[in-house]
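Asks: The listed protein sequences derive, respectively, from chains A and B.
Under this note's numbering, the very last position in the first sequence is 260; numbers go up by exactly one each time.
Under this note's numbering, the very last position in the second sequence is 520; numbers go up by exactly one each time.
Keep in mind the hints are simulated off the structure, nothing from the lab.
Accuracy of the hints is not assured; some may be wrong.
[As the list claims (entries may be wrong)] Cut-off 16 Å, straight-line C-alpha distance, at most; resulting in silico cross-link-like pairs (EDC-like, lysine to aspartate or glutamate): (1) A:Lys236 / A:Glu186; (2) B:Lys378 / A:Asp222; (3) A:Lys236 / B:Asp508; (4) A:Lys118 / B:Asp459; (5) B:Lys516 / A:Glu238; (6) B:Lys496 / A:Asp83; (7) B:Lys496 / B:Asp459; (8) A:Lys256 / B:Glu498.
[What the hints assert, rightly or not] Chain A residues, not near chain B, derived (Cβ > 12 Å throughout): (9) Ser28; (10) Ser37; (11) Glu124; (12) Asp222; (13) Arg223; (14) Ile250.
Bear in mind that the values here come from a model prediction, so they are computed numbers and not experimental data.
Note that CB positions come from ideal geometry on N, CA and C, so glycine has one too.
There are 2 protein chains.
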Amino acid sequence: MDRIICIGAGNVACHLASALHESGYEISQVFSRTEPSARSLAGQVGGSHTTDPAAIDPTADVYLYAVTDSVLPELAARIVAPDALHLHTSGSTGMDVFARRARHYGVLYPLQTFSKSKPVCLPETNFFIEGNDDFARGKVRELASALSHHVQELDSTGRRRLHLAAVFACNFTNHLYEIAAELLAEAGIDFSVMLPLIDETTAKIRTLSPYKAQTGPAVRNDRNIIDKHLALLAAKRELATIYRLLTDDIHTIHHKGQNP
Amino acid sequence: MDRIICIGAGNVACHLASALHESGYEISQVFSRTEPSARSLAGQVGGSHTTDPAAIDPTADVYLYAVTDSVLPELAARIVAPDALHLHTSGSTGMDVFARRARHYGVLYPLQTFSKSKPVCLPETNFFIEGNDDFARGKVRELASALSHHVQELDSTGRRRLHLAAVFACNFTNHLYEIAAELLAEAGIDFSVMLPLIDETTAKIRTLSPYKAQTGPAVRNDRNIIDKHLALLAAKRELATIYRLLTDDIHTIHHKGQNP
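Assemble the whole structure, with the sequences as input and the hints as a guide.
Replies: See below:
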């Protein structure tokens, strides 16, 4: 089986490298600038580790870059292994970040939120893959299929839009939970009371579109309540502005015929 | 058992009146300005119906107002039954809307999102109750306990904050799903690919605080991706502004020591 080097030891790197290791792949080396992270992940997957890009083994079959997008181009340029397969896991960086350096390259993008301390069900995670040639496409499909039952091809343009949608549906949604938790803490109410409501909100979009599932003061255009809520948020960072913009956007979509 | 009149025939009214009827309560009359809604709910619960506030039976034991907040004060003033118990279901209207008209009054507030076409698990829904005297508190607890296993007292001030938190965690979250669906549709991607990610986002906040669960370009402060995303949103209503404000607020909380 292929010998893989994992570039990065953050949340995504840890979940993917561990799962590939458990599927029988050899993770021979882990690179990270952060020594404890590199050592910890290397220990988990039975490989060596380094914090020096110059010490990355150039003889592996696959280089899997699971790093912040901002450092990806620089790392891709430093790792010289022109005949190996180079893959990144980013939603918003094009496959062509590897184009000048490698013959075979592609993308293995898991549509998921990874925190180190929380196990994730990878087999149910949607993976979106891309490859520059038949070899890359075949190999990235093989790796993705070792991780998940849900693998499909998507080009870099589509993946960028998918990632943007995921920022709204996951990161921003989680931030709204953060804001709710903050407001509840001020009222001495435990955040856990919100969980059945959150569950129902996500359950509804299985059987209704989000458009049809919408409820609350914004879609009812209940100005009386909206004004009370804005007053409660007045002194809190930009929360009143966020409330007003989301309320106005709901109103625009539902009452001004801009139904998407 | 008490004879209840249901004021309103919208989403909340339908779910609560049906469940009270199934628990053995008599819903003797349904009032709504919208005749088909009044007739339909009355048919379900075996009562009469009217669209005329002057024709509301003044001899019932309980008047349950499940109407938009903006019409609640006017209806509360028109229904003259000073010895009955008057209850509303609103998150953001104080109990004292009934103070001048009735001896016994209170609030039966379900922390839930109700759409007519989607059944809801009321027994797992958190109900927050309030009453102006022992009689009202006892009776509203009895009614709430017939609907749910999770009933607790909360005053009007706390309930208003709870409702505001729920707008963020439910209505605004659902709107972010709406925006994600819109962005995916433009890329020809089915919204259902987002469901495992949405599930994991809500699963994480069972074991991590929303603060610790946060991931994505905003919390990593990945300006490169953030700028790409803003460019993709440029021509879409106020979506770029919403993206920027939520990103900035995540950054403020996570990187400027304003950890709530």
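Asks: So, for every hint listed, does it hold in this structure?
Replies: Structure-based check of all given hints:
1. A:Lys236 / A:Glu186: Holds, at roughly 12 Å.
2. B:Lys378 / A:Asp222: Status violated; Cα separation ~23 Å.
3. A:Lys236 / B:Asp508: 13 Å, holds
4. A:Lys118 / B:Asp459: Since the Cα atoms of Lys118 of chain A and Asp459 of chain B sit roughly 13 Å apart, the hinted pair holds (cutoff 16 Å).
5. B:Lys516 / A:Glu238: 14 Å, holds
6. B:Lys496 / A:Asp83: 43 Å, violated
7. B:Lys496 / B:Asp459: 27 Å, violated
8. A:Lys256 / B:Glu498: With a Cα-Cα distance of about 14 Å, the restraint between Lys256 of chain A and Glu498 of chain B holds, given a limit of 16 Å.
9. Ser28: 27 Å, holds
10. Ser37: 15 Å, holds
11. Glu124: The assertion about Glu124 of chain A is violated, with a minimum of 5 Å to chain B.
12. Asp222: 6 Å, violated
13. Arg223: 8 Å, violated
14. Ile250: Since the minimum Cβ distance to chain B is about 5 Å, Ile250 of chain A lies within 12 Å and the statement is violated.
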